[in-house]
Each structure stands twice: as structure tokens, then as C-alpha cells.
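Model the full assembly from the supplied sequences, consistent with the hints where possible.
Here the sequence shown is numbered in my numbering, starting from 1 and rising by one per residue.
Everything labelled a hint here was simulated from the structure, so no lab data went into it.
Glycine included, every Cβ here is placed at the ideal spot set by N, Cα and C.
Careful: at least some of the hints might be erroneous.
As the list claims (entries may be wrong) - Now the in silico label distances, taken between C-beta atoms and shown as ranges:
1. L44 with E133: 18 to 28 Å
2. A38 with E161: 49 to 59 Å
3. R164 with V328: 38 to 48 Å
4. A38 with K177: 17 to 27 Å
5. A174 with L34: 16 to 26 Å
6. E13 with E115: 20 to 30 Å
7. L34 with D140: 36 to 46 Å
8. A38 with P118: 42 to 52 Å
As the list claims (entries may be wrong) - Pairs of lysine-lysine residues, derived as PhoX-like cross-links and limited to a Cα-Cα distance of at most 20 Å, are as follows:
9. K341 with K327
10. K76 with K294
11. K33 with K327
12. K294 with K75
13. K203 with K177
14. K286 with K76
15. K177 with K198
16. K75 with K286
17. K341 with K198
18. K75 with K56
19. K33 with K294
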Amino acid sequence: MAEINIRAKRKDEHLDRSIAFQDPSPSPFREIKLIRRALPETCLETVDTHTTLFGKALDFPLIIEAMTGGTERSKKINEGLAQIASSLNIGLALGSCSIVADNPGAIISFAIAREANPDGLIIANCSPTTPIEAISQTLDATRANALQIHINAVQEMAMKEGDRDFRWWNNILAIRKNFNLPIIVKEVGFGIDRDTAKLLTSKGIMIDLGGSGGTDFAAIENERAGTSECSEVSTIGLTTPESLIEMQSVPGAAFIASGGIRTPLDILKCLSLNALAVGIANPVLKAFEARGLKGTLEYLSDLIQKTRQLICLFGCQNIRSCQNIDKVFTGDLRDFQLQRKGTKIR
1 MAEINIRAKR KDEHLDRSIA FQDPSPSPFR EIKLIRRALP ETCLETVDTH TTLFGKALDF
61 PLIIEAMTGG TERSKKINEG LAQIASSLNI GLALGSCSIV ADNPGAIISF AIAREANPDG
121 LIIANCSPTT PIEAISQTLD ATRANALQIH INAVQEMAMK EGDRDFRWWN NILAIRKNFN
181 LPIIVKEVGF GIDRDTAKLL TSKGIMIDLG GSGGTDFAAI ENERAGTSEC SEVSTIGLTT
241 PESLIEMQSV PGAAFIASGG IRTPLDILKC LSLNALAVGI ANPVLKAFEA RGLKGTLEYL
301 SDLIQKTRQL ICLFGCQNIR SCQNIDKVFT GDLRDFQLQR KGTKIR
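In C-alpha cells, the structure reads:
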């Protein structure tokens, strides 16, 4: 019972600190410049933003990223976010189901999402060490269309009560073997490098970049612990633009871009660098906390509409054609690209 209470308390603390989190650093996306044709030869009415992901047709390639689950508070959040995802016909990823292993009753906080969104794209989430039975129960309860396995070594190291054993690969393969649905490996704020991406791609595993630039869970863990003992680890990750560059030299890589994505232009930059979809978490959580369901729906509707306008202005008629937009890198990102040999960008 004590372990259950600790997990639940930690989940709600993560919610509070994520909502309060402010990143003072400038957006790393500022170092990507998209080249717009002055004669776009497009019409906004005919811009098609539909896509298919994990067998589900979506109106726009956007996923409300994994945030929470396992507590009464998170149940209400997941229900509301599922209703929003259903209204907009976009994807929803749930928080980690690890708590279900210790508290089977927590399953309702995840199952509520499927009740609120019977036909939409729902992605379950676990850690590499979540027991197979807990994953199975969550997949059954949510009828999830895919499963995210989050890898968060940096966060765990910064967490007083966190894991210190990061030998996860065999666990990931075991999860993949046990479940016949798409598997995604997702970083949690520190990005995916190309060697890891090649390994995952070789096993048919999709990637969620989870680059730095968004919520810094190492900083949140330091704040929870009241220490700066692991403050230096906040700087060791790859930004989302750096991870996007890494993916360009991984043949066949299928990936979702997430981490620090704030604006319609950020979304377009990710799509131009071959992301199949874009994931957003913290801005959605902040909107939900401040403005409720209706306000969050308005926020995301506006984000999608403004991205459609940009797609049109850059001469694209659909999501795939965004990959044809020419790009220029500046500053540190240009240096990164030049030194990571083998990375070719249109």
C-alpha cells in the first residue's frame, strides 16, 4: 500500500510541476529556416491534412502526448483529453501504466480514455520494466492501437527513488514479442540518437523523439528532491531539431517528433523533416488546467488551423509534400549537422 501511495503521489507531483514548469531558454527550432516560394500555387480550401497512423485515419498528424494516469486527478484529465482528441480526430497517448502492477484499480484512469473516445487513436504507455501482465491489462482495458515504451534514464538518475539499472533492450524485445500491435520507443525529454534509431528500426520499432526543449524532467526531479545534485544532466540530451537531423541518416526510420514543440511553424518544420506526426504535451496540459476542456479544444483547433495556413503558404497541398520544403540550418544546429557526418538534408 505504501508503494502505491508513493507512486500516486509522485504522479500528481509531476503534474503540478509540469504545469508550473517554464523553460527560459530560446526555442531550438529557431535555428531551422524554411524557404518559402513567393508563388505557392496552392489553395487553402484544398489543403489536405489527413493522415493514417497505426491503422487509424486522422484529420491532422497530431498526438496529445503521454502525460498521466493512475490517480483520480489523472482520470479526469485523461477523460477530458480523450474527448478533445475525439472531437478533433487526433491521437492521444496515455501516461505510464506501471502503477497498474501495484494497484490494479488504477486501470480505470486509463480505461476512461477509451470510454470517452470509442473509435479514436489511443496509445498506451509503459516502461521497459513494467510487468507484462500490467501491460496486458492496460491494453485490454483501453483497446489501444499502439504501445509506447518510454525510456527515461536521465530522469531516473535524477530521481532519488529512481532506477539505476538501465539494461533495457532485452525487456523491450520481450514486450515486442508478447504483443501484436505497433511498438514505439519514446524518449522523455533528452532525444534519440541515430545509432539507437538504427537499432530500433532494425526491429520494426517506431520512434518518438522526445527531444529536449520542452518539459525538463531532470529539473523537475531536482525540484522535487530540493537539490541540484543532478542539475548538469539537463544539458546532456539532444534537442528535437538535433534528433530530427539524426533521423535523416537512418534508412526506413518511422518517427514522431515531440519535445518543445510550441507553434504552428515548429510543427511544419517537423513535418518538413519527415516526421509522420507531431506530439505535444505540456502546452496542452497547461491549457487544460487554465482553460478547461472548451479552452483546450479552442487552443488545439487554432493550432491546427494556423498550421494548415502555413502548409498552404509554403506551397504544399498535403502532409507528405511538406517534406519537399527546402531548409537552412543556422547557429549551433548547423554546426551539429556538419559534424554529424552522413546526415543529408534536402
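To see whether the hints hold, each was checked on the structure:
At roughly 50 Å, the beta-carbon separation of L44 and E133 lies outside the given 18 to 28 Å, and the hint is violated. As the Cβ distance of A38 to E161 is approximately 56 Å, the hint placing it in 49 to 59 Å holds. About 42 Å separates the C-beta atoms of R164 and V328, a value consistent with the hinted range of 38 to 48 Å. A C-beta distance of roughly 53 Å is found between A38 and K177, which places it outside the suggested range of 17 to 27 Å.
Under the hint 16 to 26 Å, the C-beta atoms of A174 and L34, about 41 Å apart, miss the expected range. Evaluation of the 20 to 30 Å hint for E13 and E115 yields a pass: the beta carbon distance comes to about 27 Å. At roughly 43 Å, the beta carbons of L34 and D140 sit within the given window of 36 to 46 Å. Range check, A38 to P118: about 46 Å between beta-carbon atoms, so the 42 to 52 Å window is met.
For the hint linking K341 to K327, the alpha-carbon distance of about 18 Å falls within 20 Å, and the restraint holds. The suggested pairing of K76 with K294 holds, with an alpha-carbon distance near 14 Å, which does not exceed 20 Å. A threshold of 20 Å between alpha carbons decides the hint, and for K33 with K327 the separation of about 6 Å falls inside it, so the pair holds. Annotation: proposed proximity of K294 to K75 holds, straight-line Cα distance about 18 Å (limit 20 Å).
For the proposed pair K203 and K177, the alpha carbon gap of about 11 Å is at most 20 Å, so the pair holds. For the suggested pair K286 and K76, the alpha carbons sit about 15 Å apart, so the restraint of at most 20 Å is met. Distance restraint check for K177 and K198: the Cα-Cα separation of roughly 19 Å lies within the 20 Å cut-off, and the hinted pair is therefore satisfied. Pair hint K75 plus K286 holds up; C-alpha atoms about 16 Å apart against a cutoff of 20 Å.
With a C-alpha separation of about 15 Å, the suggested pairing of K341 with K198 holds against the 20 Å cut-off. For the suggested pair K75 and K56, the alpha carbons sit about 24 Å apart, so the restraint of at most 20 Å is broken. Of the supplied pair hints, the one linking K33 and K294 is violated, its CA atoms being roughly 34 Å apart against a limit of 20 Å.
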